[in-house]
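Trainee: Chain residues, written in single-letter form:
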Amino acid sequence: MHGPLIESLIRQGISRRTFSKYCATLASMMALPPLSGQAMAQALAATPAPAKRPSVIWLPFQECTGCTESITRSHSPTLEQLIFNSVSLDYQETLMAAAGHQAEEALHAAIKVNEGKYLLIVDGSIPLGLDGAYSCIGGRSNLDTLKEVAKGAAAIIAMGSCAAYGGLPRAKPNPTGAVSVSDIIKDKPIVNIPGCPPIPVVMTGVLAHFLTFGTLPELDKKGRPKSFYGETIHDRCYRRPFYDQGKFAKTFDDEGARNGWCLFELGCKGPVTYNSCATVKWNAGTSWPVESGHGCLGCSEPDFWDAGGFYQALSMPARPIGTVATALGVGATVGVGVSLMNRAKKSAARSGHETTSLADLEKQK
Amino acid sequence: MSATLEKGVRVLKEVIDAPIASYFSSCVHCGLCAQACLFYTETGDPKYTPIHKLEPMRRLYEQEYTVMGRIKKLLGLSMPVTDAELGQWQELVYNSCTLCGRCSAVCPAGNDIVYMVRKMREGMSASGNAPAGIKDAAKRTVTIGSPMGVKLPAVKAQMKHVEKDFGIPIPMDVEGAEYMVLLSSMEIMNFPEYLGAIAKIMKHAGKTWTLCSTAFEATNAGIQIGNSDIAKVIVSRIVEGAERLKVKTVISPECGHAYTALRWEGANLIGRPFTFKVQHIIEVLGEFQELSLLKTEGFEKDRLTFHDPCQLARRGGVIQPQRNLMNMVSKDFVEMPDAGYMNWCCGGGGGASAIEEGEELRLQAFKVKKAQFETVKPDRIVTACANCRIVLEEGLEHYQMDLPVVGLTEMVADHLVEKGAQ
Amino acid sequence: MNDLQLLTWVRGPCLNISIVIFVAGIFWRLFEVYSLGRKKDLSTPRQLAGASGWHTIMRRMLPAEGLLKKAPITYIGGGIFHVGLAVVVFLFAPHIKLIQSLVAVSWPALPSQFVDLAAIVTLAAMLVLLADRIKNPIKRFLSTFEDWFTWGLTFMPLLTGWLAARHLLLPYTTMLSLHIFLVELLLVFLPFTKLFHSFTVFGSRWFNGTANGHKGVAV
Chain Z
1 MHGPLIESLI RQGISRRTFS KYCATLASMM ALPPLSGQAM AQALAATPAP AKRPSVIWLP
61 FQECTGCTES ITRSHSPTLE QLIFNSVSLD YQETLMAAAG HQAEEALHAA IKVNEGKYLL
121 IVDGSIPLGL DGAYSCIGGR SNLDTLKEVA KGAAAIIAMG SCAAYGGLPR AKPNPTGAVS
181 VSDIIKDKPI VNIPGCPPIP VVMTGVLAHF LTFGTLPELD KKGRPKSFYG ETIHDRCYRR
241 PFYDQGKFAK TFDDEGARNG WCLFELGCKG PVTYNSCATV KWNAGTSWPV ESGHGCLGCS
301 EPDFWDAGGF YQALSMPARP IGTVATALGV GATVGVGVSL MNRAKKSAAR SGHETTSLAD
361 LEKQK
Chain D
1001 MSATLEKGVR VLKEVIDAPI ASYFSSCVHC GLCAQACLFY TETGDPKYTP IHKLEPMRRL
1061 YEQEYTVMGR IKKLLGLSMP VTDAELGQWQ ELVYNSCTLC GRCSAVCPAG NDIVYMVRKM
1121 REGMSASGNA PAGIKDAAKR TVTIGSPMGV KLPAVKAQMK HVEKDFGIPI PMDVEGAEYM
1181 VLLSSMEIMN FPEYLGAIAK IMKHAGKTWT LCSTAFEATN AGIQIGNSDI AKVIVSRIVE
1241 GAERLKVKTV ISPECGHAYT ALRWEGANLI GRPFTFKVQH IIEVLGEFQE LSLLKTEGFE
1301 KDRLTFHDPC QLARRGGVIQ PQRNLMNMVS KDFVEMPDAG YMNWCCGGGG GASAIEEGEE
1361 LRLQAFKVKK AQFETVKPDR IVTACANCRI VLEEGLEHYQ MDLPVVGLTE MVADHLVEKG
1421 AQ
Chain Y
2001 MNDLQLLTWV RGPCLNISIV IFVAGIFWRL FEVYSLGRKK DLSTPRQLAG ASGWHTIMRR
2061 MLPAEGLLKK APITYIGGGI FHVGLAVVVF LFAPHIKLIQ SLVAVSWPAL PSQFVDLAAI
2121 VTLAAMLVLL ADRIKNPIKR FLSTFEDWFT WGLTFMPLLT GWLAARHLLL PYTTMLSLHI
2181 FLVELLLVFL PFTKLFHSFT VFGSRWFNGT ANGHKGVAV
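Quick note, the sequences are listed as chains Z, D and Y, same order.
Position 298 (the first sequence) corresponds to 298 in the working numbering; numbering is contiguous.
Position 305 (the second sequence) corresponds to 1305 in the working numbering; numbering is contiguous.
Position 197 (the third sequence) corresponds to 2197 in the working numbering; numbering is contiguous.
The reader is advised that the hints may include incorrect statements.
Said to hold, decoys possible - Listed below are the simulated BS3-like cross-link pairs for lysine-lysine, each with C-alpha atoms no more than 27 Å apart in a straight line: (1) D:Lys1367 <-> Y:Lys2069; (2) D:Lys1013 <-> Z:Lys363; (3) Z:Lys345 <-> D:Lys1377; (4) Y:Lys2069 <-> D:Lys1377; (5) Y:Lys2070 <-> D:Lys1047; (6) Z:Lys346 <-> D:Lys1013; (7) Z:Lys147 <-> Z:Lys222; (8) D:Lys1331 <-> D:Lys1301; (9) Z:Lys345 <-> D:Lys1013; (10) Z:Lys221 <-> Z:Lys172; (11) D:Lys1203 <-> D:Lys1295; (12) D:Lys1232 <-> D:Lys1246; (13) Z:Lys346 <-> D:Lys1072; (14) Y:Lys2194 <-> D:Lys1013; (15) Z:Lys281 <-> Z:Lys346; (16) Y:Lys2070 <-> D:Lys1367; (17) D:Lys1248 <-> Y:Lys2040.
Since the hints were derived computationally from the structure, they do not count as laboratory data.
Please work from the sequences and hints to get the whole structure.
Mentor: Okay, structure coming up:
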């Protein structure tokens, strides 16, 4: 393999071998066929000069910047930057040097020059309340910006649970009227990469797929790449044998917790959450929430903020049942009412008793 | 006034109580009650399932006493009980039920089904749907004094015969006697030896006793028909007589439902506790045996078995005394399978034997008794209920089994030594 | 509505409504049944040790004398069903958590593999009982729509719960929603069908036991 990218990597001390291995790893994580690793390596290696690299626009909306933080905390910065060296990241507020009007001009230039071909990455939800005034950049609402920039995009990546499903702002009572990208844009291919934040390699895997094959990977019903969101946490969790045996931690520091038992009773939403945390893990495979002793929050699922408390087990009510007392009262009232009616009826029957004499054993002819 | 559906329904509404409501709510249609009922086991016809006998009353209960039932009735989802339906149910509530109580003994939900049949009969009789045979018996009991039409002169005649045969005087209307003895028509007419046996026993045990001229009949056809008003009339005579003669204990004879009527239903019929004790003759004999008042000699020579009358044993609580008495006079006493608490009914109690049209069914049901006898192969059957005796004899004759049936009281009396006990 | 939102609804408002109907229904029906009262028995009682309402409550859990050989399926199938259902409902850790959240009482759970086994055995027993209800002439004669309906009401939560725990048939989130919903249906209908026997058998056995204990007969 040759090319400007390979030369650049070698200068930074990364051999061709390491580069190939990285691509092979990425391909296998996405469950692509064996030779895809090579194809990916060659495609990336053959990346043309900056001016001809695919354009990527990154729009941050009503977000906490956690997704950007996550993606930059990656396995080894050099390899992540590799991806950014394969694309032309023409607009990214946190990472770009420009600011203010200059930044806005860069954005407009990019979408004009690459019309129909650029990849749009969005993180954060889009507020609709007060005509979108809750989140504006340069005086323009996110809603308007999204609609404008989406027009010329080849595809959109909704990065993080906010962009994918509305996220935290959308949690009840949703004061800003937050919605997801797919609630607004209906005519472009959208990949949802949920997670709060998402796992970095998921992001890079999708990008690599796009760069190699020019298409987006296979998606599930919620628009998530199946290769990363095809299994539940529960089905890949290393503590699953304890679940199966019924060994549960009951508090965060009891003996069960110290023994690494299942966290179901402490509210783990693993069984209903699709993501790769259990296999890929975080911080270069260091650990993940359950391994650290905290139940899965279900952060890659839509509306996970409103799915019952984080510490309420799945078998517990999603909302507190304060109505049992009312039920008792209602039942007792109905019961007493019925009892009174019954007793009245019975004593009426008793007082209406006509003593049966022998003649009364015969029916009227 | 005559019987009407309206009266029947009102009576049913009156008798339905918390137990009945609980029983209907607990039935899960498991069918075990049928497996305990000889009318089902010997015919295989599921319509004889005990809980099914109560279906009209169940529907009435639901429609009258439950909110959901009332709503169902309003919406036309539950049909009201009709006179025709009660007429249809006559066979189930009377012909094929002797109030033997085996169903109540087996229901896993704890339902006392026989209690419910008894109550259902209140409604059946008040609406005119009781069988003719028992109605006639009830009429005779109330107007003449006994279901078989036995009047005082006939009783007095039997008294004379017995006095002559046994050489012991038979007292009547003796005030202050310890025991007042009742008889059943069956005994007066068919088994007068019973009266003689009583006389012998009382003399032997040194107890004072008397008959009562206004209350010699124990059989209560009112109970059999299931009508408390009529049953009360009959019981009241006994109460009046016992209180007038100031006796300590009234003895119920070898009869099943007579015991139930007086001992268990009596006080509730008249609305106040009795001022005297009530005991079945077997209870009295058992008590005498415990107190060593009975000195016997010799033993019966043949193989004997005992048929427990339902109303005495399972429904009456007298299960062990008869066995102690049997062992006193027999060295070859064998128990039938299911003897005692779970004994199979003879098939003729509760007024059933008075229902002519039910005879075929009774003879079919008798097969279970036949099987019991064939298992132990006794030479004779001993029992303590005159109705059981008749019904067993009829069944044995039908199946051509040469097996005499005798009464326990007579058998005990036969073995008493001539001199009285201390 | 997506699968997680359905689950949240089923665990949330739907659960609230069904528990209200369940609790209110039980109180209403208990009053309805037992308010009719019982007349005092004025006849002289006979005492016998071992003959009382309490004794009958316990004794009726066992087959009646001589009847086991006549109706083995009813007794054995029924016994396995009741015990198995109790094990699954009350000894499975997630269920204990639910009960704890409602009435603040909890107890140790059985290892989940045993509960799984109990579920399978109970499902099998229920199928056998269904077949018997169809084949046995007495049961067939007695059975009404309510008998079949309540069988289904009881079978489906058990089946769907087991399928969910085993991750079979439908994706877990949806299977769990279905299971919880079917449990709620069961709760809602329980006080108003023969399933209410789960509460009234104690009263029935008590009445039978005391009435016969009065006569000195241990039933």
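Trainee: Against each hint, give a clear statement of whether it holds in the structure.
Mentor: To see whether the hints hold, each was checked on the structure:
1. D:Lys1367 <-> Y:Lys2069: 19 Å, holds
2. D:Lys1013 <-> Z:Lys363: 19 Å, holds
3. Z:Lys345 <-> D:Lys1377: 55 Å, violated
4. Y:Lys2069 <-> D:Lys1377: 23 Å, holds
5. Y:Lys2070 <-> D:Lys1047: 18 Å, holds
6. Z:Lys346 <-> D:Lys1013: 6 Å, holds
7. Z:Lys147 <-> Z:Lys222: 21 Å, holds
8. D:Lys1331 <-> D:Lys1301: Within the cut-off at roughly 8 Å; holds.
9. Z:Lys345 <-> D:Lys1013: 8 Å, holds
10. Z:Lys221 <-> Z:Lys172: 24 Å, holds
11. D:Lys1203 <-> D:Lys1295: Status holds; Cα separation ~12 Å.
12. D:Lys1232 <-> D:Lys1246: 20 Å, holds
13. Z:Lys346 <-> D:Lys1072: 20 Å, holds
14. Y:Lys2194 <-> D:Lys1013: 22 Å, holds
15. Z:Lys281 <-> Z:Lys346: Violated - the C-alpha atoms of Lys346 (chain Z) and Lys281 (chain Z) are around 71 Å apart, more than 27 Å.
16. Y:Lys2070 <-> D:Lys1367: Within the cut-off at roughly 17 Å; holds.
17. D:Lys1248 <-> Y:Lys2040: 24 Å, holds
Going through the hint list in order, the structure does not satisfy hints 3, 15.
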